[in-house]
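Undergrad: Sequence:
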Amino acid sequence: SRLSAVNQKKELVVKDKLLIISSGAFVGLAAVVLVYFGNPDNMGFCIACFVRDITGALGLHRASVVQYIRPEIIGIILGAFIISKGTKEFNSTGGSSPLIRFILGMLMMGGALIFLGCPLRMILRLAGGDWNALIALPGYVVGIFIGTLFLRHGYSLGRSNKEYSINGYISPVIAVFLLILLLIAPSFIFFSESGPGSLAAPGIMALIIGLIVGLLAQRSRLCTMGGIRDIILFKDFHLASGMAAILVIAFIGNLIIGKFNPGFTGQPVAHSDIVFNFLGMLVVGFAAVLAGGCPLRQLVLSAEGQSDATMSFMGMITGAAFMHNFGLAGSPAGVSILAKWATLIMIIILLAIGFGGLFATKKEIAVE
Numbered sequence: 441s442r443l444s445a446v447n448q449k450k451e452l453v454v455k456d457k458l459l460i461i462s463s464g465a466f467v468g469l470a471a472v473v474l475v476y477f478g479n480p481d482n483m484g485f486c487i488a489c490f491v492r493d494i495t496g497a498l499g500l501h502r503a504s505v506v507q508y509i510r511p512e513i514i515g516i517i518l519g520a521f522i523i524s525k526g527t528k529e530f531n532s533t534g535g536s537s538p539l540i541r542f543i544l545g546m547l548m549m550g551g552a553l554i555f556l557g558c559p560l561r562m563i564l565r566l567a568g569g570d571w572n573a574l575i576a577l578p579g580y581v582v583g584i585f586i587g588t589l590f591l592r593h594g595y596s597l598g599r600s601n602k603e604y605s606i607n608g609y610i611s612p613v614i615a616v617f618l619l620i621l622l623l624i625a626p627s628f629i630f631f632s633e634s635g636p637g638s639l640a641a642p643g644i645m646a647l648i649i650g651l652i653v654g655l656l657a658q659r660s661r662l663c664t665m666g667g668i669r670d671i672i673l674f675k676d677f678h679l680a681s682g683m684a685a686i687l688v689i690a691f692i693g694n695l696i697i698g699k700f701n702p703g704f705t706g707q708p709v710a711h712s713d714i715v716f717n718f719l720g721m722l723v724v725g726f727a728a729v730l731a732g733g734c735p736l737r738q739l740v741l742s743a744e745g746q747s748d749a750t751m752s753f754m755g756m757i758t759g760a761a762f763m764h765n766f767g768l769a770g771s772p773a774g775v776s777i778l779a780k781w782a783t784l785i786m787i788i789i790l791l792a793i794g795f796g797g798l799f800a801t802k803k804e805i806a807v808e
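Going by the numbering used here, the sequence shown wraps up at 808, each residue one higher than the last.
Among the hints, erroneous ones may be present.
What the hints assert, rightly or not - No more than 30 Å apart at the CA atoms, straight line, and that leaves these computed lysine-lysine pairs for DSSO-like:
no., residue 1, residue 2
1, K450, K528
2, K780, K450
3, K449, K675
4, K455, K528
The hints are simulated quantities; they were obtained by calculation from the structure and are not laboratory data.
Please put together the full structure from these sequences, using the hints given.
TA: Below, the structure is given as structure tokens:
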């Protein structure tokens with residue numbers, strides 16, 4: 441019976457490894473397909489960019505070139521929700537410092553819009569030959585490393601608790617509401633007529649691909665931050681293998697469709713400010729560790745009923761509006777002086793949250 445248990449455990453490990461690699465491979469392939477059929481180059485999938493576009497479509501910012509209700513985000517949330525309900529993993533929980541998580545969502549979005557992409561797009565930009573992502577990747581790793589230092593010393597935002605079930609349905613309801621707005625296109629919804637927001641794959645295709653990505657991300661626990669964090673803390677490469685699969689498949693796909701364009705300059709929706717490509721992704725990595733997941737993972741967790749992750753999602757929307765309304769987002773022209781100061785302030789806020797969570801945890805332990 442012991443031998444049988446060992447064999448079953450090995451089979452589970454192999455299945456988990458195949459699942460995370462196949463999930464990453466599908467995301468990489470999906471990104472290339474979406475670009476081929478109309479999404480902006482090197483932006484087949486970008487959680488930050490797509491949430492930013494949705495924010496603009498709702499009129500929360502008025503940057504006319506980035507306004508569109510992206511079906512991919514709707515699909516990710518609904519796909520993860522459907523599979524979590526089917527596997528009975530949907531569970532309404534929350535109450536773990538929701539306002540702090542809201543701020544962390546804002547900061548994740550802020551750092552992503554300095555770099556011009558979330559961690560997923562960073563991988564896709566690298567697969568498309570954008571060497572600016574080679575600068576951003578070490579920044580992301582450094583940000584995650586700083587976050588793990590707080591984790592090692594006991595950082596926590598407190599325990600999540602069981603909540604009324606209605607709380608867990610907020611994110612899926614938002615996704616359905618956005619889908620209705622996309623379908624009926626009322627006059628108060630904005631759609632870009634030029635720029636990245638005007639470039640999109642067919643809506644049905646994007647929605648279906650989003651659904652599949654949401655399903656796979658929920659089952660595999662795909663998370664770019666988690667992959668790097670686990671290597672740093674546990675020397676565990678399981679989640680990182682999913683990241684590697686995204687990179688390899690997207691790279692091959694870009695070669696096939698003629699979208700591999702190596703270099704630092706002339707890259708689509710990108711700038712070549714070395715320092716702030718690095719620092720922008722440092723902010724994203726640091727915030728993702730403190731929040732417990734990268735932007736993609738936050739969407740999936742919110743779809744599973746975790747209202748704390750939904751607060752991070754709401755923070756991302758607010759962060760997108762804030763960054764564009766105050767002229768802080770990066771652009772192909774570079775990063776403004778005000779945006780550079782804002783990046784440094786974001787790092788200071790993250791350090792304050794980190795030390796705050798650390799001291800609060802130690803105080804709670806002392807009281808107990």
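Undergrad: Measure nothing beyond the straight line between the CA atoms of K450 and K528; if it is 30 Å or shorter, mark the hint as holding.
TA: Holds, at roughly 24 Å.
Undergrad: Going straight from one Cα to the other, do K455 and K528 come out at no more than 30 Å?
TA: Holds. K455 to K528 sits at ~20 Å (cutoff 30 Å).
Undergrad: Can you confirm whether the C-alpha distance between K780 and K450 stays at or below 30 Å?
TA: 49 Å, violated
Undergrad: Are K449 and K675 close enough, with their CA atoms no more than 30 Å apart?
TA: 20 Å, holds
The structure is inconsistent with hint 2 alone, although it conforms to all the rest.
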